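2 protein chains.
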Amino acid sequence: MTSPVGLHRVLEPRGVLPQAATRLDAAPEIGDDEVRIRVERLNLDAASFRQLATKHSGDGAAVRAEVLRIIERRGKMQNPVTGSGGMLIGTVDEVGPVSPLGLKPGDRVATLVSLTLTPLTVTDGLARWDGRGEQVPCDGYAILFARSIAAVLPDDLDPELALAVLDVCGAPALTARVVRGYRDPTVAVLGGAGKSGSLSLAAARRAGAARTIGVVPNQQEADRLAASGLADVVAIADARDPVALAAEVGTADVTVVCVDVPGCEHGAILATADGGTVVFFSMATSFAAAALGAEGLAADVTMLIGNGYVPGHADYALDLIRAEPGARALFDARRTAH
Amino acid sequence: MTSPVGLHRVLEPRGVLPQAATRLDAAPEIGDDEVRIRVERLNLDAASFRQLATKHSGDGAAVRAEVLRIIERRGKMQNPVTGSGGMLIGTVDEVGPVSPLGLKPGDRVATLVSLTLTPLTVTDGLARWDGRGEQVPCDGYAILFARSIAAVLPDDLDPELALAVLDVCGAPALTARVVRGYRDPTVAVLGGAGKSGSLSLAAARRAGAARTIGVVPNQQEADRLAASGLADVVAIADARDPVALAAEVGTADVTVVCVDVPGCEHGAILATADGGTVVFFSMATSFAAAALGAEGLAADVTMLIGNGYVPGHADYALDLIRAEPGARALFDARRTAH
Numbered sequence: 028m029t030s031p032v033g034l035h036r037v038l039e040p041r042g043v044l045p046q047a048a049t050r051l052d053a054a055p056e057i058g059d060d061e062v063r064i065r066v067e068r069l070n071l072d073a074a075s076f077r078q079l080a081t082k083h084s085g086d087g088a089a090v091r092a093e094v095l096r097i098i099e100r101r102g103k104m105q106n107p108v109t110g111s112g113g114m115l116i117g118t119v120d121e122v123g124p125v126s127p128l129g130l131k132p133g134d135r136v137a138t139l140v141s142l143t144l145t146p147l148t149v150t151d152g153l154a155r156w157d158g159r160g161e162q163v164p165c166d167g168y169a170i171l172f173a174r175s176i177a178a179v180l181p182d183d184l185d186p187e188l189a190l191a192v193l194d195v196c197g198a199p200a201l202t203a204r205v206v207r208g209y210r211d212p213t214v215a216v217l218g219g220a221g222k223s224g225s226l227s228l229a230a231a232r233r234a235g236a237a238r239t240i241g242v243v244p245n246q247q248e249a250d251r252l253a254a255s256g257l258a259d260v261v262a263i264a265d266a267r268d269p270v271a272l273a274a275e276v277g278t279a280d281v282t283v284v285c286v287d288v289p290g291c292e293h294g295a296i297l298a299t300a301d302g303g304t305v306v307f308f309s310m311a312t313s314f315a316a317a318a319l320g321a322e323g324l325a326a327d328v329t330m331l332i333g334n335g336y337v338p339g340h341a342d343y344a345l346d347l348i349r350a351e352p353g354a355r356a357l358f359d360a361r362r363t364a365h
Numbered sequence: 028m029t030s031p032v033g034l035h036r037v038l039e040p041r042g043v044l045p046q047a048a049t050r051l052d053a054a055p056e057i058g059d060d061e062v063r064i065r066v067e068r069l070n071l072d073a074a075s076f077r078q079l080a081t082k083h084s085g086d087g088a089a090v091r092a093e094v095l096r097i098i099e100r101r102g103k104m105q106n107p108v109t110g111s112g113g114m115l116i117g118t119v120d121e122v123g124p125v126s127p128l129g130l131k132p133g134d135r136v137a138t139l140v141s142l143t144l145t146p147l148t149v150t151d152g153l154a155r156w157d158g159r160g161e162q163v164p165c166d167g168y169a170i171l172f173a174r175s176i177a178a179v180l181p182d183d184l185d186p187e188l189a190l191a192v193l194d195v196c197g198a199p200a201l202t203a204r205v206v207r208g209y210r211d212p213t214v215a216v217l218g219g220a221g222k223s224g225s226l227s228l229a230a231a232r233r234a235g236a237a238r239t240i241g242v243v244p245n246q247q248e249a250d251r252l253a254a255s256g257l258a259d260v261v262a263i264a265d266a267r268d269p270v271a272l273a274a275e276v277g278t279a280d281v282t283v284v285c286v287d288v289p290g291c292e293h294g295a296i297l298a299t300a301d302g303g304t305v306v307f308f309s310m311a312t313s314f315a316a317a318a319l320g321a322e323g324l325a326a327d328v329t330m331l332i333g334n335g336y337v338p339g340h341a342d343y344a345l346d347l348i349r350a351e352p353g354a355r356a357l358f359d360a361r362r363t364a365h
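In order, the protein sequences belong to chains R and V.
Mapping of the first sequence onto the working numbering: residues 28 to 365, in sequence order.
Mapping of the second sequence onto the working numbering: residues 28 to 365, in sequence order.
Be aware that a few hints might be false.
[To be verified] Covered by chain V, according to a simulated footprint, are these stretches of chain R (three or more residues, beta-carbon under 8 Å):
hint: 1; segment: 37-45
hint: 2; segment: 267-274
hint: 3; segment: 320-330
[Claimed, not checked] Calculated Cβ distances over 10 Å to all of chain V for the following chain R residues:
hint: 4; residue: GLU56
hint: 5; residue: ARG91
hint: 6; residue: ARG135
hint: 7; residue: THR148
hint: 8; residue: PRO164
hint: 9; residue: LEU180
hint: 10; residue: ARG238
hint: 11; residue: ARG251
hint: 12; residue: VAL260
hint: 13; residue: ALA264
hint: 14; residue: THR278
hint: 15; residue: ALA360
No lab work stands behind these hints: they were computed from the structure.
In this text the structure is predicted, and so the values were computed from the model without any measurement.
Virtual Cβ for every residue (Gly too), placed ideally from N, Cα, C.
Next up, chain R with everything else stripped away, as it sits in the complex (with noise of 0.2 Å):
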């Protein structure tokens, strides 16, 4: 009897779910609702990548060995600093009888659900690999549970711009249905020129708002979200500053966070109009700060914690990239700005 959430799989501690744990079975086996995908490729988080190469001083085999030395000792990719994985990219194998994920053997895959809880083997030494980037050439095998996630790659996208399109593609469904909760609203994007923020703009226009307004913070980026032509209004403000930042949006009905900054809190909830929603994207909101600074600030505004899961998510953005030549752009400058 496997667990969709993949209990059977912790080995370490017992009962914890797999993120938490500190060791999974990657056995290649799979139970009935279980799906094994051949992995082409790891794409390691870069805040995880970024402490390895550091640590060992941009030493490629040294980061090398030691990705190799945590997916053996972990049945994972886990950054046991960070505490992140990554995504990958892959073929599937075998799909369980009863699996409900929808796949079928020789689907290209991406995994949207993180490498921190996805049991994983490697069979080629990552040979491949230079240890000098976060794209990690692999061989071996992983193992999705009835509740991960995957998106079958498209055809006649890019698979590098799928792939940057699926690691966001929450924030862009999220905003959708935020948005449709009002008439007419208008919407303020903090990194409005950014993935998820130009995914959101294009989101919520499509979504019903009446009005988007697109905050950046410099020129070049005002000019680029100008040209992409998502946002009605395209401000440069610091969104830490929340005085400059009302002073630029007035008041939004949502406001959406996706710049990946500390302190963004005060100032996205002063520029959210009473009765309004903030949307809370990135992974640098601080908790206690949302809390206390609604409270402060009397602001009846609803906060909602950024969930990277919605039922179509994958699909919808993946769509949004195909319809909106202007977020494809933004995209594309961001890839060769690399």
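Given chain R, work out where chain V should sit, using these hints.
Just chain V, lined up with the frame of chain R:
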């Protein structure tokens, strides 16, 4: 021209909100939309007092001297280490002609915004305080802004009980609002025998919950909660253990987290049905654990940061404690336990 959020009182650094300021102008002269309170007692935040008492090895005179020094230097009571403040009670002294707070001179009030953003001057050197408890008898002045919040203390309730209720009054109000958004929901409250938990249980039932489940950590709290009659089901479980919690609760439509220990995010998410809502009131909540946990579990749940402010929250909570002898008994049990 005064700012409704108190920007005109910020001395250092310029441009931040009063809560983030290192120094406020606590001059007693009020602006047109401000209110001056004659302070009677400060109620230091528990975490703040504990830090000060530990630092000074319980030397009350040293604790008193440091609290005085903090208030003199900062123009507010905000512990520089914990960042926290507390609340105060006092009597309204003067009300600016355009203050929207609805107060009049002579009203005995408790402030519901934190001391961390309230301009404060002490005039008696805290001479009546021995530095050995969180309750600080105090003579001095405090300033409320247009967007501050204060509740008039009711004549019919023991002021200490009223303060304890006001301290957590955001939780029942927000719980009621969320519960009203569902039809005949099951509502689980983690920490159901505590102050915010018991009021949230009472609020959930009044707002239309078909079934309320109170989760507590041990038999003693289970007996107390059962005797109160506030929950249809009383369950004993460690809220940090997702598997045990889900086994006890099953799935709820609304899960309210009132347990002030870290690590309750995954359990709360797993115990919530798809389409349900988790409301996090605990300041020990980790934003990242909640966001990544929901994604890793493919859980389509709405996650709310518990905003301590909801319009009408103080009156609503005071009405609950008047009408619900079960909740009152739990409050009394906690007070006599100290």
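Hint check:
{"no.": "1", "hint": "37-45", "in the structure": "holds (count 4)"}
{"no.": "2", "hint": "267-274", "in the structure": "holds (count 4)"}
{"no.": "3", "hint": "320-330", "in the structure": "holds (count 11)"}
{"no.": "4", "hint": "GLU56", "in the structure": "holds (23 Å)"}
{"no.": "5", "hint": "ARG91", "in the structure": "holds (26 Å)"}
{"no.": "6", "hint": "ARG135", "in the structure": "holds (20 Å)"}
{"no.": "7", "hint": "THR148", "in the structure": "holds (20 Å)"}
{"no.": "8", "hint": "PRO164", "in the structure": "holds (25 Å)"}
{"no.": "9", "hint": "LEU180", "in the structure": "holds (19 Å)"}
{"no.": "10", "hint": "ARG238", "in the structure": "holds (24 Å)"}
{"no.": "11", "hint": "ARG251", "in the structure": "holds (27 Å)"}
{"no.": "12", "hint": "VAL260", "in the structure": "holds (23 Å)"}
{"no.": "13", "hint": "ALA264", "in the structure": "holds (12 Å)"}
{"no.": "14", "hint": "THR278", "in the structure": "holds (13 Å)"}
{"no.": "15", "hint": "ALA360", "in the structure": "holds (27 Å)"}
Consistency with the previously given hints is maintained throughout, with no hint failing.
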